[in-house]
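So the sequences go chain by chain: P and A.
Note that numbering that gives the first Met the number 0 has the first sequence beginning at 0, numbered continuously upward.
Note that numbering that gives the first Met the number 0 has the second sequence beginning at 0, numbered continuously upward.
FYI, nobody ran anything at the bench for these hints, they're computed from the structure.
Check the hints yourself; a few may be wrong.
[What the hints assert, rightly or not] Using 25 Å as the maximum straight-line C-alpha spacing, the simulated DMTMM-like pairs for lysine to aspartate or glutamate come out as follows:
| hint | chain 1 | residue 1 | chain 2 | residue 2 |
| --- | --- | --- | --- | --- |
| 1 | A | Lys61 | P | Asp54 |
| 2 | P | Lys62 | A | Glu320 |
| 3 | P | Lys61 | A | Asp31 |
Every value quoted in this text rests on a predicted model; they were computed, and no experiment measured them.
Here is how the chains run, residue by residue.
There are 2 protein chains.
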Amino acid sequence: MAEKQDEKKVTPRSQDFAAWYNEIVLRAELADYSPVRGCIVFRPDGFAIWESLRDELDRRIKKTGARNAYFPLFIPQSFLQKEAKHVEGFAPEVAVVTHGGGKELEEPLIIRPTSETIINYMFSQWIRSHRDLPMMLNQWCNVVRWEMRTRMFLRTTEFLWQEGHTAHASAEEAQNETLTMLEVYRQFVEDYLAIPLVVGRKSAAERFPGAVETYTIEGLMGDGRALQCGTSHFLGQNFARAFETKYLDDQNQMQFVWQTSWGVSTRLLGAIIMTHGDDQGLRLPPTVAATQVVVVPIWRKADEGEKVLAAARAAFDQLNEAGLRVRLDTREGLTPGFKFNDWEMRGVPVRIEIGPRDVASGEAVVARRDKSGPEAKSKVSLAAIAEKVVALLDEIQKNLFAQAKAAMTANTREFDDYAMFKTQMEGEGGGGFAHVYWCGNPACETQIRDDTKASCRAIPLEQNVAPGKCLVCGESASERAYFAKSY
Amino acid sequence: MAEKQDEKKVTPRSQDFAAWYNEIVLRAELADYSPVRGCIVFRPDGFAIWESLRDELDRRIKKTGARNAYFPLFIPQSFLQKEAKHVEGFAPEVAVVTHGGGKELEEPLIIRPTSETIINYMFSQWIRSHRDLPMMLNQWCNVVRWEMRTRMFLRTTEFLWQEGHTAHASAEEAQNETLTMLEVYRQFVEDYLAIPLVVGRKSAAERFPGAVETYTIEGLMGDGRALQCGTSHFLGQNFARAFETKYLDDQNQMQFVWQTSWGVSTRLLGAIIMTHGDDQGLRLPPTVAATQVVVVPIWRKADEGEKVLAAARAAFDQLNEAGLRVRLDTREGLTPGFKFNDWEMRGVPVRIEIGPRDVASGEAVVARRDKSGPEAKSKVSLAAIAEKVVALLDEIQKNLFAQAKAAMTANTREFDDYAMFKTQMEGEGGGGFAHVYWCGNPACETQIRDDTKASCRAIPLEQNVAPGKCLVCGESASERAYFAKSY
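Take these sequences, add in the hints, and give me the full structure.
Okay, here's the thing in structure tokens:
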């Protein structure tokens, strides 16, 4: 790897955010382009982040009472057509299997873009009585949507996700489930991924095809554009009616079930990169970092090596025994400077540097990835290094959230004047969140989109605002909504 | 669920093994048929077994140094054609995507039946020097093979599996990796799934398309037919040559890498059912059982209920705190007899029955699923119930293996006489394992297959046999191989 030592710096975020993003993904070896259009390869360092967040979210989902299952990759084409809005939304982006086993299929199969239809078919087989409800299932799987413009993690033809699907005896119970999962997502993304969010319902134009109401969690990325990080849908009885998913209630009457679905995907990896990354590379929240701490021994003279290495190994052992995910960087032929840059690029939260003078004084230099300059470094006693690093990782997790929260707050504005709003959205940078009165008329939303490319990202559930006037038409408005340009 | 109380018994294994198998899968709610030909739905009780074994195997795979990654579902059709044997083996069973996003694709995409080709394409991008080797990756994913005859878990159009792919600098290192993974599989299946195995290499006819050598672990199912439970392939340089996967060695020479691939799939769920199940239903090894212990409180008079329920809850708490996966069956309107049958059908290893007299004497009845009749039940002090059950689960795990091992041994025979061998293979039942001398000539193997439908399942790596004569042609033979009819 010696030839990498004079590798050039990444494009600064401020100069070209999209180029910066792609370079980070490739150089931190999170993913790579594949020979299949719009599909990426998750490399081990990227997949490890997904595994970590998947396992944690899986625990949280199971705690709500949902259980995991697995439904077929293929969906008969006719299924998609049973729910009018659903087919309208998904038909243009499906991949179609027409041949299998050397023969043309009688009915083409589509590759699931989402599984409401096939799951409803099975629900209609399994659900007979109110005693079978609620039925709460989740699956982790791959889905395919034929996207025109793709971007690594954010929008790929194939992606990985979880999709929860539940059926309930009453509208109220299903609505509660929709909001319960929205809150599970919010806590998970804010606490575990350190990404601050705006939470609310979607406008009708942004609803999931087939849903009565869609709720969303939205982050604000480093370039001022919003990213939808997860959605929870109240499906009402739309799919139940399409698939005859009925149950016998306690009055012996047949009723359609009330349903929800909810999902988050591998685009969360993009959210982590674009929320926390800086011009040196990735910055990973300690919770998801495959390597939380790296120990770098430093020496020049051969006779110093042995003592330094022994101290580095002792530190490694201490950190490892404390349950931390730690690596010891003993690679030869690389300068300390190269190694520091390399681990910074890969987003490792804490780096420990141990040289001959440190060994002599029983100390080490601890560098934290969430800060830069002199305040990123401190001296720590080698004897108590695990204790110190455990506390530091916790502090870094909180600080990454605080930094992102401050950035989001600084980039969220209220507007009463449409011209000023347009100027902001058309200016340099993504424009940030605009928190504005909207009358709810789709025409005003369309006008904003046509004028600025910004869309309604979320209408907060709790408003706490006095009545005002719609930013666009000036009619009375009872709610403020978040608008932004988005991924 | 009251209507289920007079449900009929399952078809006995001895009467119709295939019918018994399907009934167990459906009635224990492990899986269900789907509206897509050859694809099944994994229901929560079935998927929980897969999750448990996947997580354990994943730990063991990572311990060997392999890391998880994820490659695209789609493979360009031209990739399959680069390795001659590979295309010959897989082309007839692929599913083909011809349309995406409403348009016909320029080059059709196949859905991965296995990923050697696309992974080699990526390896050829990533591997430059001997310092990049070994490269050891694994992925958990779905694959599709268009099967003519399908059977739940054992052979389905879509199935779930893990596939490991490694690249090495020398043939010896790759061969060692192949055998290391074979041994990881053997230990995992024998220890964790309690399934005894025969281990060895495959004959040329049974090799993976594109491999130089295929190694296998084979179980013997309850009907005397063999089931391939996992394979590990030494690929030599076949795919490296097809995809130009080369590295610069330490002498500055370009060399093709040496490769392996290895996998196990959801067919292991079928292996568990067919190895351990009996006429009462499923019998799950405690390691993979979603519910390890069920507590069933029993009472008739209303005034007894409170005390019995309190004792049952205390037992539940004690077992739960001991880290066991335990359920308390307080369902109303069901007889104890129905509940016992229900939990036996679902394969729960230990059942605890607590009635009024048990509460009075401070005891409970413990019934173990691995035995039947009077010896399945014993009395245990309620105060020490967790300790007793922990030990019992360990005993059950070992006993299930011992029972299966005894059955396999009893159904494994040596033959010197081809007529006797044929009689055995053509008789009632699957025929079991025949451990016979084979000269290695494919013609003799073909004759056995034509005469009896038995195939060569495995040629043990350690033979410890004196030279003998081929069962078919009588020529000299240095090895004994296991032949059997198989799934």
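Practice problem: Would you mind confirming whether the straight-line C-alpha gap from Lys61 of chain A to Asp54 of chain P stays at or under 25 Å? | Solution: holds (16 Å)
Quiz item: Holds or violated: Lys61 of chain P with Asp31 of chain A, Cα cutoff 25 Å?
Solution: holds (22 Å)
Self-check item: Hint consistency between Lys62 of chain P and Glu320 of chain A [alpha-carbon to alpha-carbon, up to 25 Å]
Solution: holds (17 Å)
This entry satisfies every hint, going by the numbered hints stated previously.
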